[in-house]
Every structure is written in C-alpha cells, then in structure tokens.
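Keeping the supplied structure of chain Y fixed, place chain F with the ligands upon it in accordance with the hints.
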Amino acid sequence: MLVNYLLFDSHEQALNLRSLLKDEGIRTRIAPAPRSLTRCCGVSLIVAEDDADSVRDYIESHPGLCREFEAAEQDFNPNRDRYC
Amino acid sequence: MDKNHQMWQDLGMDLETHDQLCEALPAAFGDVFLTSNDSPDTMDYFYAVAADIHGLRPAELVEEQKKGRKIFGTFCVFVPDEVILASDGIVTGLCGGSQFWVPEGETVLPANTCPLIKASVGARLGRTCPFFRIADMFVGETTCDGKKKAYEILGEDVPMHIMHLPHGKRPQDMQAWSDEIRLFMDQAGELTGKPATLETLNDSIRIMNEKRRALARLYECRKNENVPISGRDALLIMQIAFFDDPERLTAQVNRVCDELEQRIADGKSVAAKDAPRILITGTPLAVPNWKIHNIIESSGAVVVCEENCTGTRYFTHEVAEDNKSVEEAIDALTDRYLGNINCACFTPNPGRADDIVRLAKEYDVDGVIDLNLKFCNLYDTEGYLVERRLSDEGIPVLGLETDYTDSDAEQLRTRVEAFLEMIAD
Ligand code: SF4
Ligand code: SF4
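Chains as they are written, first to last, in my numbering: chain Y, 106 to 189; chain F, 189 to 613.
The shape of chain F in the complex, shown without the other chains:
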C-alpha cells in the first residue's frame, strides 16, 4: 500500500469511495488549469499542493499531531486564526466544495440546504476527506441557520466549539465578539496545553498580517490593465491559503507576486486586450469549486477580483500589531474581524454593497457576477439590494445561482455568454 493510502487507512477513511474522488481530480484539474499555457511558473507550488491535495498537507498535519500539536478545523473567516496559532495550534479550513460529498450530507440534512454545508457534513460522515478526519476540534460559528444546525449534527461525531457571532456591528456586538474571542482562546489553550500569551498573540498577529499583505499584493497585481494571472490560478491560491502553513504560504504567494510584477513591467497579459474584466461577488468558492471561474474564463472573459470569503473578505484589513496587553490584542482582533468583514449574515449590511462598488472601480471591471450557492437564503436575499445598488451605479450585473453539480453548466454558460455579449456592446 502506498504512503497516501496507508495514511488514509490509518485515519479511518473509506478508501474505496475516496478513490472515486481521486479518480475525478486529474481530468477536472487538467480541464481547468492545464488548457492554457500562460500560468505563472511560480504556480508550480500551488499546482503540486492541489495535485496531491489529500496527501501532501494532510501528511504534514499528521506529523505535527504526532509531536503533540492540535489541529483546529474551521468553516468561516470570522474565526480568528491568530487565537489558534497563539495557542500553538494549527488551522485548517474545512469548507467542502465538491459535489462528491453532497449525497452523504443529504442523508442527515434537508436537501434544500446549501451545498457547502451538505458537502462539509458529508465529507466528515462519509469519511472521505482526510482534513475532516485529522482535525482534533471543529470550530463553528453562528452565521447562517443551515450551519448552526449542521454543527449540532457534526458535534455528535467530533469535538466542537461554537463561536457565537453577533449579527451587527454596534458597540454591544463588538463587546460580545471580544467575549467570544476570549472564550475561544481559553478553549484553544485548554486543548493544546499551551495557552496564548501576549507574546504569542502578537507573533501570530504578525504572521497573519504578513499573509494578508501577500494576498493583497496578489490582488493588487490583478488590478493592472494587463492581467498577469488568470482568475482560476488566483482562486486556487486563495483556496490553498485556507489550509496551508501560513508562513510558507506567504513566501509562496510573494514568489508568485514577484513574477506577476515582472509580467506587468513587461506588459504581459493572460487575457486578450478586449477581454471583459469580471468581478465575482457572493458566497464562498470552497476548494475544488472551480466551475464559475472556468466557465467565465473559457468564454473569453477574465476574472480580476472576488468579493467573497475566498477572495477579498479573507485578507482585507490588518489586525493592529504590537499590542501592550492581551485585552488590547483581543480588541484589535475584534476590530479587524467583526468590524471589517461584511457578510450577508449581518443586518443591516450596507458595507458589502459599498465594498463591491469600490472594488468594481478599483479593478476597472466591465461587469459583476453575483454568484450564490443554491439555498443560501442570506446571500440570495441580499442579492436584491446588491444588484439594485450596482444598477444604480451603472455597473452591469448578472445574478446567478448554482450548486456543485455539473448539470447546470450549460445553462450557466449560456447566461454568462449573453452577459458578456451585452457588456461588450
């Protein structure tokens, strides 16, 4: 038995079913990433991680566990990685982005649950994802109703900590979130046996800010009139950022940015001069959800920005550094996370429409695609306000709803192509 299969077996995975998923990856990856010849050379690292997505990083996590370290699985960008790092823990994002896991999720969840939730629950219960087997603790949050209830089901199978996220940004909400961060900090320290200190908090804040800066630099490159990287490649980097070692990730992203800045200096673009520039907004695109980027970019447009949690919401705004006390560090985390992430779970949430309009201008986009996962009530409903605002601003917008199946791809293509034609006129 090869190393990967041995590890998967040791993790109690269902090898036979998991092999079917492995079987699908080479062709799907090839269709999306290997059909154009203009990927930056420095994408090699990210392609390698993706090529062995259930082997490479999981093996590292297992090794760290052998040394006594603990792995925390998270599902939302509100859960502050800094708290986990400061307690000597390791973070791995767990959101499921594959249809492969959905049917298993549907055995316990209503079919009209969003695919991200169904896939995440299915990946755990079906024992077909190593990350879901490795995590010592899952960290949930009270964002949408579907997730809240799904965490109760997952919590029967794996230790779970829930962070209670307020749905507003008033002073009392900020206080409540800082209390939640404090509680989580205690919980994380208890599990790892290494409670966070002021020093470890400040260190982890610095590490995460450096990661944010690298990702922001990547996005900065995408603003250029010559687009130096495809939306597909940028999306893959973002998706890997959720589970890779943060310091190595930062170094690798900066390596890509060096190449992209050189491309910009050389006037090199991956897109045709007249290719429409698209901003995607809406629900997260968890790995390996590459469908919409692939459809847009194989239809002649280029995705230059994502206003979602696998995009700008993940890295914008830094946490204040060099805090003088643990309380100050918690306040700094509260400010950055609750104060600055504009998720549809807030009411009201005017900041998100403002962000989209601002980004549409900064990235000089020709149109916005508001892409929401089926059965995501929050984003679907907010779509009305977002799309109205964009229309008011004179920014063309197309609202799309999709899931993880392939069955709507043709229809999506038709709608995307019609939209691209419309904005080309």
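Excised from the complex, chain Y in its bound form:
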C-alpha cells in the first residue's frame, strides 16, 4: 500500500505542521520516516489518502512548513511479528 509521508528538517517542524493541520481538521500520525525517503530528520507525518489533496494545497499555500511530501510503499500489520 502506498503511504503518504510529510518529511521535515526537524521534529519541531513536524509537530508544528501536525498542529496546524489539526486546526484545519486534518489528522496526521507521527511516524519514523521510511529509509527510502529519509533525508535529514527521522520524524515524519503520515497523511491519509483522503486528506492528501488538502494537505498538498495547504503546504503549497504555506511554503517552508515541511521539506517534502512523498509516498512510499508500506504495509503495516500488527500480526506481522517483525520487531526491531
């Protein structure tokens, strides 16, 4: 499944955008950025597919709030039993 990730330069930036989006009624989840996308900071925000367009609009009209908005293949499964 493709998962949408917002990527950041710092965790403060991530928490900040999370709360701004929350004010817009958009819920995000904090997650470690997948290595296939990661640049600088390990903290990313996952955006639900239904919200992806609104988030794209929001970050385009408010530049500088994140580094990138990308998708990566991820399949979360609580029964997978692959721990780290």
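Heads up, a few of these hints could be off.
[Stated by the list, open to error] Straight-line Cα separation of at most 30 Å, DSSO-like style, residue types lysine-lysine; simulated pairs: (1) F:K456 to F:K411; (2) F:K549 to F:K461; (3) F:K512 to F:K382; (4) Y:K127 to F:K456; (5) F:K191 to Y:K127.
By construction, these hints were calculated from the structure, which means they are not laboratory data.
This is chain F with the ligands only, laid out in the frame that chain Y set:
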C-alpha cells in the same frame, strides 16, 4: 551528510551497520503503534521521540556535553537518578531491548546470557547505539550474576562505577546501601566537578518525585473500567522516561494524563468492553521491546499494568522531601530505593508477590502474564513462587519465556490466545 549521520560519525559509530537498524524501525513501529486509530493525540511527543530515537535526544546530550556537562549511563532502577542530577549530571538509561545488538554481545558473552545483557554489551562494543557512545560514565550494580560479569567486560571499554547492591532489606543492608549512595555521590561529584549539596539533593528529589507522580497518574488512569490508553502506548512512555529530560518528561506525561482523564470522563475506551485486562509481571521491557504487548493487544486483550522495572517498580514510592541534612537525604534515598523496590535479586523477596496480588486487584485484571527473558535465572526461579501465589489467590496466570528474536512470536501468540480463551470462559 545529514545532521544525524554527522553526529553518529562524530561519535565513532559504525554507520553502515547502524543504518540497518534504522531501516527496521519504520515498519516495526508502524506495526505496533500505527495500526490502531485510538492513540491519544498527546502521544505525539512520544511518537516523535521514538521516531527519531537515535537522533533527537542524543543530539541534546551532545550539546550538553559541549557545555561541560557529564552523562551517566545506567542499567537498573536501583541507581538513584537524584544523586546524578544533584551533581549536575544527566542520566540516560542504557538497557538494550533489540535483537539487533545481541550477536555482537555474544562475541564476548556466553550465549546463555539474558538478551538484555547481550544487547547492552553488543550496543557498546558494536558501536551501533549513540547513547552507549555518549555516556561519560556507566553506572553498574551488583544485581544479577550476568550483569556483574558483563560490567567487567564493559569496564575495559568505558569508565565504570559499580554500586554494590545488598540482596536483602535488613538494617545492615540499609546501612550498606546508604554507604554505596554516599560513595557514588562522591564519584559523581568528582566527574562533574559539581558535588551535590543539600540544596541540589532536595531539588533533584523534588524533580524525580514529580516525575514519579506523573507516571503514577498515568497508571491510575489505566485502572479505569474504560481503558483510555493502550498498553503499547503506556509502555512507550515508560521506555522514553528512562532517557528523556525528567522535567520535560513530567510535563509531557501530565499532558497525556489530561487527555486520558477527559477520555475517562467521556467514557471512551481503547479496548472492547469484554476485552480481558492483563497485568504483565517479570523482567524489564527495554526499548524497543514491544513484542509481548503487541501480541497480547493484537489478540484482543488489553495490558493495563506492568509490575516490572519498565512499569510500577520505576515510579512507586516517593523519596522524602525537604531533608535537613545531606545524611537525611541519603537515608531518604536509601528508604525509597532499597526499602521499596522488590527485585528478584533479593532473598527472600515476598514483597513482589504481594505487590502483584495487590496490583491485580487494583487494576481489576482478568489474568497475569509472568514474562521472563530467557536465561534470567532470578526471575525464572522466582516465577515458581509468584505463579503459585497467584494460583492460591485464584488469579489466572500464564508463565512465558522469551528473548528478543521474532522466531518464537507464533508460539507466543498461540499460548497467549489459549490463555485469553481460558480466562474468557
Ligand atoms: S529487574 Fe532488578 S536488576 Fe533488573 S533493572 Fe529491575 S531492579 Fe534492576
Ligand atoms: S533480566 Fe534477569 S538476567 Fe537479565 S539483566 Fe535483568 S536480572 Fe539480569
């Protein structure tokens, strides 16, 4: 090179091997924490710390070191954080909870050593954990045999102070522990150049008590019939409590508790009405050991309490405040630590079974899982007494042994599911 990699390189880490660990985190974290939608919003802070676990807090510690502060790495809840804080030091818990570090540990330790010890030694020797690189001094303790010997090996690689923990709670043991605290206080003051004073001791006691109160408040919320937070989220908070700045941690835990108390008032639960409530007892669950919580909670039950060192043993009982002399402060620390923590390294240790029975009632649990790390002789042996006592009290109990590998997960699931079925009847 990005900031994290630059810091890891400066710390002399093995970047290539460490990248493999970073690679595994996103999926493992996602499986455990992102597959349910009922996490409190205020978990955001803890998720961020976990998401950048080898970047965020290590970078702060490095900054503090640049200002001349010293970092003390600890392995056991008997080492009093107050002594370190009062000497202007910073505490970071070092227990390793990942299989990733185990093979490196096995190059110097017998394979039949508990995984927590193997992972801790492997993280240092393999240069794959920034916390193990940053600490200026490791503080060990004479609890179990495996740790005692492992500290001798670690001590060849890093400055080490050992606190000699008595294995009883008699008056002479209390005296011996207060002497050990005094010795450690001297040692910490020597390293930081800022020896503890009555004032700094009383301040650090207050800071740590506030942290304990916040964690106790979190656990109090878990007693409610509507469980406002999953065991997985609560465990993550506890694990982060071992290495985060204590005052910030307290504020963040209280923020979570505000939300949980609101959830309780609204009658909101993360678990189904009939979900079995489970208490876990046994050996510590060092970060990122999330296996058993995930197995239990993805099997339809909810973990409401942990009687272990990443649970109630870490925060119960406060240290007396406003002491009038350094001696009085040391006595207060001795009372709280030696007098009140019931670890299997004591003989006898009847207080632990009493605690489990009391907690089982307070948290209204349907069953207890006695979870022990493989090759932990102390907890494995004490398990006999604990499980017998629980049976006598009519509390269903399942004894499990595990390590950090994934290979026993299926078998654990089968046993947990059978236990849950049994207690549902
Ligand atoms: S289980 Fe015992 S030895 Fe291990 S951290 Fe807890 S008190 Fe220390
Ligand atoms: S789990 Fe047991 S063997 Fe391992 S460090 Fe703790 S007391 Fe020692």
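**Prompt:** Is the hinted pair K191 of chain F and K127 of chain Y satisfied, with a Cα-Cα distance of at most 30 Å?
**Reply:** holds, 28 Å
**Asked** Within a Cα-Cα threshold of 30 Å, do K549 of chain F and K461 of chain F meet the stated pairing?
**Response** holds, 18 Å
**Prompt:** Given the proposed pairing of K456 of chain F with K411 of chain F, does the C-alpha separation stay at or below 30 Å?
**Reply:** Given that 30 Å is the threshold and the Cα spacing comes to 13 Å, the pair holds.
**Given pair status - K456 of chain F, K127 of chain Y, alpha carbons within 30 Å** = Satisfied, since the Cα-Cα distance of roughly 20 Å is no more than 30 Å.
**Prompt:** Between K512 of chain F and K382 of chain F, does the CA-CA distance stay at or below 30 Å?
**Reply:** holds, 20 Å
Of the numbered hints listed earlier, not one is contradicted by the structure.
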